[in-house]
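Protein chains in written order, with my numbering: chain A, 94 to 437; chain B, 11 to 422.
If you are wondering where the hints come from, they were derived from the structure by calculation, not from laboratory data.
Mixed in with the good hints there might be a few duds.
Derived contacts from chain B toward chain A, CB cut-off under 7 Å, selection only [claimed, not checked]:
id	residue
1	N118
2	L137
3	D141
4	R235
5	F239
6	N300
7	E301
8	T302
9	G338
10	I388
11	G402
Mimicking BS3-like on lysine-lysine, the simulated pairs with C-alpha atoms at most 30 Å apart in a straight line are [stated by the list, open to error]:
id	chain 1	residue 1	chain 2	residue 2
12	A	K253	A	K167
13	A	K397	A	K192
14	A	K320	A	K298
15	B	K182	A	K371
16	A	K253	B	K182
17	A	K167	A	K320
18	A	K298	A	K253
19	A	K168	A	K371
20	A	K320	A	K402
21	A	K168	A	K320
22	A	K397	B	K182
23	A	K371	A	K402
24	A	K192	A	K253
25	A	K402	B	K102
26	B	K102	A	K192
Computed from a predicted model, the values in this text were never measured in an experiment.
Just so you know, even glycine gets a beta-carbon here, dropped at the ideal spot from N, CA and C.
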Amino acid sequence: MFGRRSVSMMLGLGAVTLLASCGNQDTSDTATTGGSDGAAPAAATQTYTFGVIAKAEQNPVFQAARVGAEAAAKKLSEENDGVTVTINWRTPATEDAQKQAEFVELLTSQGVDGIAISCTDANLLQSSINAAAAGNVPVVTFDSDAPNSDRFAYYGVDDKAAGAKVMQELAAQLEGSGVVAVLSGNPNSANLSARVDGVREEAAKHEGIQIRDVFYAPETAADMAAKMQQVQTSNPDITGWALVGGWPLYTDNALDGIYENAKVVSMDPLPLPLAYVKAGQVQVLVGQPYYGWGYESVMLLFDKVHNGKDPAEVMNYAEFDIVNTDNVDEYAENWNIWDPTSGN
Amino acid sequence: MTKNEIPQPVAAPRSSFVRRLAGAQEAGLVLVIILMGTALTLLGGNKQKQFRIAVPEGASIVEYDASGTESELGTLPLQQITGWRVATGDEKNTYERASGYSFNANQNAFFGRRTVNKFLDSENLVLVAKDASFIAIMAVGMTAVIILAGIDLSVGAIYGLSALLGAMALQKVAGQDAGLFMSLPVGVGVCCLVGLACGAANGLMIVGLRVHPFVITLGTMAAYRGIIFVISGGQSVGNFPQSFTSGFFKAEFAGTYPVPVIVMIIVGVVGMFILAKTVVGRQVYAIGGNETAAKYAGIPVGRVKIIVYSLLGLLAGLSAAVYLGYLGAAEPNAGMTYELKVIAATVIGGASLMGGRGSAIGAVLGAIVIQLIDNGMIILEIDQSYNQIVMGVAIIIAVVIDQAKARLAPKG
């Protein structure tokens with residue numbers, strides 16, 4: 094009466110249902126209500142697991158965040174007797190807010206003690222962050238915030254302020270006068286858009302500065318470098334470049350034909366872009382607290398769950414790092430700690 | 011020739027057990043899922059799952075230290091608190107930290123912990139199925155396309171565009187206070203219509219221009235992504251009516267959110283019925299098996315192709331509607347690279363890239379297998395860096411097993 098296919102599917106569904114009904118029976122109940130009867134004895138060690146969700150595995154700045162988070166976990170474990178802190182790192186390969194939302198839900202379901210997240214899209218992540226907070230899993234955001242969510246703190250810089258800083262440094266290099274091209278990546282990226290807005294607003298404060306245009310390209314070194322060279326060739330009057338991300342500097346000779354004619358100020362003093370500063374082809378790099386994203390976020394979470402303390406301020410802004418020829422060697426030493434594979 | 015001389019038909023030799031088992035396409039996937047689930051149950055271990063206890067209205071709460079001395083709430087540092095005592099009239103309850111309790115002042119509630127298996131927790135199982143549902147719904151449509159020996163690389167872009175336009179319609183037409191009878195038709199309707207239109211455009215160009223589907227859909231993938239950027243300006247769209255989100259797609263049942271799973275099951279069953287039991291379904295298999303023979307047999311090949319690509323677009327739109335309802339916003343990058351996951355789920359589900367073979371239920375199971383790999387990485391706390399390696403190897407193994415199974419399956 095039933096085909097082979099139907100029987101096998103019914104057997105499969107039946108097995109899964111049976112397993113699921115077994116799975117929800119408490120294997121042990123460590124908590125009771127109403128009195129101390131039956132309470133489990135206190136554990137000798139307290140273990141905290143914090144989930145950390147960055148935007149994209151492929152972006153090296155988040156590798157520094159991971160190192161920071163794991164360093165904080167190690168330090169907290171060493172400094173607090175009977176406490177072990179571990180990090181559960183879950184980051185999509187490329188920017189994907191839906192995947193991040195899935196990770197928030199799964200980590201919450203798996204019983205982590207807190208979550209630190211850099212939000213690819215604040216609107217989309219709001220409901221999953223709120224659900225985590227409602228489930229007694231505190232959430233801190235870093236790098237990119239979700240201001241309307243129930244996260245208890247944010248650590249990072251203001252993206253608009255970052256763009257303004259890039260333009261401020263470039264204006265200083267141009268002595269307040271010149272034609273500027275802005276280079277950006279994914280036009281759909283909210284934080285890049287905020288940086289571009291910051292560049293524009295700061296440029297408007299300098300009468301002698303004219304923004305030629307904002308130029309977009311795919312976020313690969315080769316595509317970005319090619320775009321810069323095409324634009325400079327077509328617009329030889331450009332005397333300044335504001336890069337809201339350091340993508341072209343992740344390849345060699347990206348600024349040939351550009352550095353001879355224009356000043357360049359960029360975000361992201363990663364190991365490869367530092368070489369351009371040493372060579373004098375890039376005047377200033379504006380840095381974010383990459384290591385701090387992970388380190389400070391874990392510290393905030395630990396303070397919340399272990400000590401029951403909220404930070405004095407919800408918004409915890411970090412200072413920008415300004416890297417130029419005066420301090421480039423000193424800054425490069427940081428990368429030996431933040432990313433030991435950087436070869437610095 | 012006498013009756014005794016009439017040659018009697020010889021019974022076909024019975025296929026070996028291995029061959030018959032290999033022929034049961036979905037049975038193999040169900041077995042894989044059961045084996046993966048069993049491995050995760052045994053290897054994943056247990057977790058501490060929190061449960062909430064609301065403090066009754068008018069209750070008084072004090073905290074006490076190791077000596078039993080009571081203090082006003084919020085007075086003692088957390089590490090000095092031994093527990094809390096709650097008094098409501100004559101009723102008194104005690105919650106000890108050593109028993110796993112904590113107090114959340116923002117919610118005025120206690121949270122306790124109980125031990126459950128990491129994998130078999132009902133919340134985890136529903137999450138796995140829910141996370142698979144977005145890909146599975148599209149994979150059912152992709153199965154029909156692949157059976158036709160076609161391909162659609164724009165499915166992720168169609169998902170993104172449908173989501174964006176559906177979101178804008180929900181925001182502007184429905185408004186935040188709209189009831190379900192307004193928000194559901196608007197949200198689902200716009201998403202599905204946009205998806206259907208994009209799918210139909212693909213089908214018409216493939217048939218009308220006689221260009222390979224890979225080329226057409228590669229082009230439309232870029233075009234649809236460009237349209238998303240132009241319309242969205244890089245901004246996500248949210249603020250939907252609650253009736254559409256928590257009122258329907260993210261409605262809670264026993265601590266889980268199963269509506270996307272229910273939609274996935276319905277789509278899988280309907281897809282199975284259409285492919286296996288309807289004329290157009292049989293036509294799809296016939297075209298995929300041998301397009302020339304199908305044409306000479308009188309099957310309207312061009313019309314069937316347009317219908318199939320349109321249906322894939324419609325299902326991408328439906329998946330986008332579920333995404334909007336569950337997550338409450340549409341981001342401009344929605345669906346980026348999802349075409350790869352959809353194709354992977356379809357192939358793992360048993361569809362042959364050469365055409366002529368595949369099943370809707372297999373595509374759903376294929377999506378679940380992919381999601382189980384993700385879930386396993388989290389449960390077993392495997393380094394995230396290996397995720398793509400594991401996924402790529404799993405897909406290759408699945409295709410190799412599929413091709414080996416095809417060789418073992420009974421012929422004729």
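Discussion item. Are any of the numbered hints broken by this structure? If so, which, sorted upward?
Written reply: Those not satisfied are hints 1, 4, 6, 7, 8, 11, 12, 15, 17, 19, 20, 21, 22, 23, 26.
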